[in-house]
Amino acid sequence: MSLRPDLAAIAAMIPQGARVLDVGCGDGALLEHLKKSKQADGRGIELIQQKVNACVARGLAVMQGDADSDLVEYPSAAFDISILSLTIQATRNPREVLGHLLRIGRRTIISLPNFGHWRVRLSLLFGGRMPKTPALDDEWYDTPNIHLCTIADFVALAKANGAVIEQALALNERGRTRPMRADAWGPNILAEGAIFLLRKT
Amino acid sequence: MAELPKFIRPVTAAGAEIGHAIVLDKPLELDCGQTLAQPTIAYMTYGTLNAARSNAVLVCHALTGDQFVASEHPVTGKPGWWDEMVGPGKPIDTDRFFVICSNVVGGCMGTTGPAEMNPETGKPYGLTFPVVTIRDMVRAQAMLLDALGIDKVLCVIGGSMGGMQVLQWAASFPERVISAVPIACAARHSAQNIAFHEVGRQAIMADPDWKNGTYQLHGTQPGKGLAVARMAAHITYLSEAALQRKFGRNLQNREQISFGFGADFQIESYLRHQGMTFVDRFDANSYLYITRAMDYFDLAAEQGGTLAEAFKGSKTRFLIISFTSDWLFPTSENKHVAHALNATAATVSFVEIATDRGHDAFLLDEPEMYDTVRGFLASVASSVGA
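If you read the protein sequences in the order shown, they are chains S and Y. Counting along the first sequence from 1, when you hit position 21 you're at 21 in the working numbering, and nothing is skipped either side. Position in the second sequence (from 1) plus 201 gives the number in the working numbering.
In short, the hints are calculated from the structure, not lab data. Since this is a predicted model, take the numbers as computed values, not measurements. Ideal Cβ placement from N, Cα and C applies to all residues, glycine included.
Ranges of calculated distance between the beta carbons of each label pair, as one might list FRET restraints:
(1) Y:296 x S:179: 49 to 59 Å
(2) Y:441 x S:199: 41 to 51 Å
(3) Y:393 x S:118: 53 to 63 Å
(4) Y:251 x S:37: 24 to 34 Å
(5) S:118 x Y:449: 55 to 65 Å
(6) S:96 x Y:585: 38 to 48 Å
(7) Y:455 x S:96: 51 to 61 Å
(8) Y:441 x S:96: 32 to 42 Å
(9) Y:280 x S:37: 40 to 50 Å
(10) S:123 x Y:450: 54 to 64 Å
(11) Y:352 x S:36: 28 to 38 Å
When you get a sec, could you build the whole thing from the sequences and use the hints?
Structure (structure tokens):
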């Protein structure tokens, strides 16, 4: 089974033999890929029990729990890389979560859907209702995405948390990636999402 | 198929040979400072040990459990206490794994304990039996594995007090344990749990038939005290929601309350039944000793208060399982162990299973628990080629 393109882009950022913490690891597809292709020593955190079971059956080490309450238990600099893919918008306290990720991993990879995408902007402007896109297709009242942000918003939060952006990739709707300048206005309108490689200063 | 040693004597019940027992040729040194010169360990095995001796799974039983994990109990005639977990094609698949389960030291199903004869006096030990610990139980199991010629086990697994033994195994003999599955347990017994045990012990000791622990010499049995102990403990194994669902305020075989102290309510009748049947299969002094062993369990204390130290450098793969409605060994206690393991960079998975059945859930049909254990064991076995 081939890896989802956005996960493959994350995998490409990870060095051989790295110790990796994947927060919100789902069924463990990325961790398994990293274990096999990069001999990574991977750990995961996942909220949904059936997905944890799937990880355990794959031979992965995964803790059932959530980013908001469990990251505090992890020692500092315990991992080479901490990953949070397409999940930060669903955390209760994104600033704190990002702070923990930067503390736990020597480097942190974050991917997120971009709420500044033109389709979102137009949908609100002309539709007058909370935007729904292929990436964000829940109704406003039952969405798990309680802290949506734009690429520019996230870049500002990363700076406020004392993080340096080492690499930034724009993510299009097919999951393809291309390099972008994190502070440019273009990707904040055109990119469906983004992937950042961060390091604490 | 590996050759196993000949056993010194079979355990018998009603004249029939039930399981095995081995008299250890070495003394068992206990934490209290005393030794048991040649203790007997009664145990059951299921499945076949492979030629490489690499497919052994050690199951540790809980407070009132025994070695009859997957076969009919010789006293009650009931199926094994983990019949749905262990057996051919079951999550712990005896077509693939060689399963060992031994009665703990201090127990009353054939292993040396307070009800057994003290060879030095020719009388039952009673309260002269030394106080044993979870670590002593694990030492005895390690000696049993030595005697069986098994160096490493693929997995040590158990729930409740069995889970405590699993954690102790991983701490005491990390190089002998490839994987460990502690279920519904904790790294130390909480004040609340010690309190419930004390109520049970006091109930036994308040029974005039207990006779300071010498009831065997008097031909009596503190059945009333032991039954009360079991009733109190049994409540802690369930949950408020499960009690309400199963019993509510339903009356037992009557239309209205009796204005008396008979078992008006179904829950009363149920608890009385649990107490009465327990007395037939369990020794009161054994109950005192084993509850004490659980009370004394504190894995961090052995390490100067830091639990993570107990697992430092461990190569063992851990799977920790808790249940949402377990208030005896709540998720927080299980997660505490998982976080300590994480802090030492050990390989640990943690699963919390949603159920309203309380602590007892680990003994019951919980498909998610079975799936998790099945997947974990299969992945561990294939990673070491067992």
